[in-house]
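First to last, the protein sequences are chains W and R.
Numbered per UniProt numbering, the first sequence spans residues 1 to 800.
Numbered per UniProt numbering, the second sequence spans residues 1 to 94.
FYI, nobody ran anything at the bench for these hints, they're computed from the structure.
Note that CB positions come from ideal geometry on N, CA and C, so glycine has one too.
All clues given are correct.
Reference excerpt, derived from the structure (chain R facing chain W, CB under 8 Å, subset only):
#1 LEU10
#2 SER14
#3 MET17
#4 ILE21
#5 VAL24
#6 ILE47
#7 ILE51
#8 ALA77
#9 GLY85
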Amino acid sequence: MSYLHLAILAPLLLSIFMPFFYKRFHLIHTGWFVLPLPILLFLYFLSFIPITSTQKTVTESFNWIPSLGINFVAKVDGLGLLFALLITGIGALVVLYSIYYLAKNKEKLNTFYVYLLLFMGAMLGVVLSDNLIVMYAFWELTSFSSFLLIGFWYEREKSCYGAQKSMLITVFGGLAMLGGIILLYIMTGTFSMTEIMSQPNEIFHHDLFIPALLCILLGAFTKSAQFPFYIWLPDAMEAPTPVSAYLHSATMVKAGIYLVARFTPIFGESSVWFWLVAGVGLITLCWGSIFAVKQTDLKAILAFSTVSQLGLIMSLLGVGAFALHYEGLDDNIFTAATTAAVFHLINHATFKGSLFMAAGIVDHETGTRDIRKLGGLIHFMPITFTISMIGAFSMAGLPPFNGFLSKEMFFTAMVRVTEMNMFHLETWGISFPVLAWLASIFTFVYSMILVFKTFTGKFQPEKLDKKPHEAPIGMLISPIILVSLVIIFGIFPNLLSDSLISPAMAAILPSLLHAREAFEVHISFWHGPTIELFMTIGVIIMGLILYKTYPKWQKIFKVIPEKLSLNHVYDQTIKGSQTAANKLTNMYMNGSIRTYLVYIFAFLITLLTITLMWKKAFKLDSGNVSFIGVYEWVLAILVVVGSISILFVKSRMTSIILLGAVGYTVSLFYIVFRAPDLALTQLVIETISVALFLVCFYHLPKLRKFETRMRFKLTNALISLGVGSVVTAIALSAHSHKLFSSISQYYVENTYEKAAGKNMVNVILVDFRGFDTLFEITVLAIASLGIYGMIKLRLNRGKE
Amino acid sequence: MLEIVIRIALFCCSLAMLGLIYRVIKGPTVPDRVIALDAIGVNLVAITALISIVLKSHAFLEVILLIGILAFIGTVAFAKYLEKGVIIERERNR
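Could you build the full structure based on these sequences and the hints that come with them?
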C-alpha cells in the first residue's frame, strides 16, 4: 500500500468520518472539513508532473486477489494524471462552492458530502487503475454515487426519475464494458492494461476483436452521454447544482472519453472504431447543439451543451486514431486531432464548470432557472454576468478565450479528414466539416441565448420570487478561478502543452512515440488566413443572424413531435417491458396447479423422449426376461382393470374402494414375487390410507359434493399417455441394458454370518443400511407432528 | 395330483376375484361394494395360502393372519361409517 493508493482511497476513507463531523461540529459547515482533502490531493498530483512530462510512468501495485490476476495496480501516466488533476482541482472548487450553495441547517450535509467523496474516490480510481477489473469496480461506484447525488432531494419525484434513468443507462453500459473486459481477458489472458497494450497485434487479429470493441464502446458511450444514450444527462439536472457542475460537466461524463482515449492504442486501427467514435461523436455534437437551442431551463441548456461538447471531444478522438495509420511520417497531421481533444477536454471542464456555477448562482439568487422569467439581471449581478459571458464566449469559440483555440483545432482536424482516402472517406468525408460547422453555429446560438436572455433585456420582477442581488463572495470564488483559467489558457495555451497535453498524448498514442522523444504540441493563435479562420467567421455571422431571428424560426422545434423523441422511446421501453413482463408472467403463472403439472410433465416427456432418441437408447431385449406364469397374468389384468376403471367411475366412494382393491392386488403381487415383508406392510398401509381417504371424503363440503364423472380433457389424456409410454420405454430399455450383475450375493452370504439374522430384508433395513431407516422414521415423525399441528393449531380461530 | 388341485383351486379363486371386482365396480350401492371388498379379502387369504403351498414357503403365514384382521377391521369401519357417518366417535361420555 503506497501513498498513491492512499491518495486514491483517501476520499473513501474520509467519507466514513463525515457523519461524525456533521453531528459533532454542527455549527461549522461540514464542507469545510472536506475542502482540505481535494486541495491536498491536487497538490500531491501536481508533484507527478515532472515525472510524466519526461514520458515516464509511476506504477504501484497492491495485491487484492492475486490468484485471479486482480490486483489494485495504480498507474500514473499523462492521461491519468490529467484526469486526476481535473477531478481533484475542480473537486476542490466545487466543494468550496457547495459550502455557500447548500444551506447548513436545511440540507442533509452529511449524506451530501459522503456521496461526493465517494464519487471523488471512485473517479480517481477509474482514471488511475491499471487493472481493468479494479477500474470496472470504481466505474460502477461512480454510477452508484452519481445515482445517490442525482436523487439527493429524494422527496421530489423528478429527482428519483432522473436518478433511476441515469442508473439504468449507465449501469447497462457498465455491464457491457465488463463484458468487453472479459473478452479482452480471453484474448490476452491478463487484466492489466499495460500488458494488454503490449500485444495489440494478437488482439487485432482475434475473432473477438469486434465484440470486445463494441462492448467497450457501449460502456464509454452510455457514460459519456453519446447519441442515443445522452437522454439521462438532461434529467440528471435535478441534482444540486454543485453536483451538476462536478459530475455532469467536468468529471463523470468524461469517464467515457477517458475510456475511449485509453483504448485507442488497442482498437484505434480498426475502421469500425473510427466510424463509431467519430461518427457517433459528430451526431451527438449536432444533435446536442440543436436541442440545446430549444431548451428554456438554464441547466437544461447546459446539459445539452455538455452532450454536444462531449460529442466534439469524442469525434476528435476518433479522427485522432487516424494518426496510427501514418506511422513513420514526420508530418503526422492527425496527432493534432488528439491534441485538440485533450486541450478541449481541459477547456470544457473549465468553462462548463464556471457556467454551471453561474447558473446555480442565478437560481440561488432569483429562485428560478427559466430563461423566460429571467432578464435584465446585468444590473443586479455584474460579476455573475461577467463569469457567464466569458464562459459562454469560450464555449461558442470566440477569441481570446480557450474555446476559440480548441474550436480552430477541431475545424483543422475535420477539414483534414476529407483528405483521407480510406474507410470510404473519399465519399463521406465531406460530411465531417459540414456537420462540425453546422453544430458550431448552433453552439454559438445557444451560448448567446444563455447569456443575453438571462442578463440583458427587460427585467421582469413580477415573475421572480425574490429580489435578485449579487451572490456572496464565497460563492463567486470558484467560478472566478475557473474563468481566470479560461482566459489564462486562452492567452497562454502553451503553458499546458509540455506539462499536461504532451504526456497525455503519449498515453493515447504510445506507438507513435518511438520516432521521437515527445509530442511537439504547439498551440498558436494565428494560423494565417486558413480555411478554419473563414469557418469561424462564418460561424459568427451565421450565428448572429440565427440568434437575431430566433423567435421566427423557433417554431421549427414543434415540427418534431414529442412522440419521436428518444425520451419517449425510453419511457415506452421501460413501461412496455414492465407490461410485457407482467403479461408473460401472468400468462404462464396462472395459479392453477393443473397447469403447472402440465408444464412439469410435458417438460419431462420432451426431455426424456429427446434424450432417448438422441442417444438411440431405446432397446428391447428379451434375453433375460423370465417366464410369465398364469398368476402374474391374472394379477396384472386385475391391476390394469382396477386402475382404468378408477378413471371412469362416477362416485368418489367407488374410486376410493377401487384404489383399495388395486392396492390389495399389489400386495398379492408381492406374495407371488416372494416378498412377505412387503406384502405385510402393503396390506396395513393400504388399509390405513383407504380409511384416511374415506375421512377426507366425508369432510367434503356439501355444496361441492357433486357426483359427476371426471371430465375428459385432451391435454390431460395426451400428457398421461405420454408419461406412461415414456416411463415404460425407459424401464424396458433399462432392463435390456443391464450391464452389471447385482450385489445382492453379498447379502445372501453374509446375512447370518455377519449380522446374525435370517430375515434378509429386515437385516438390510436395520443393519446393513440402517441409516435410511433412521431417516424414514424421522419422516414419519415429522408427518405425524405436522398433522397434529395442523389439526390443533388454528391461529385465526379467534378472529372468526 | 396336489399340484393340479392347487391349480384348479387358484383358478376358481381368480374367477371369484374377477366376479367380486365386477361387483366392486358395478355394485349399485355402497354396501354391495363393501361386501365385495370383504369377500375379496377372504379370497386373498385363500390365494395367499395356495400360493405359499406352490412356493413351498411358510413365510406368508403372517400375511394370511394379517389379511384376516384387516378385512375384519376394514369391513367393520366401513359398516360403521355407513351406519353413523363417523368411524371414531369422540367424547362418548357426554
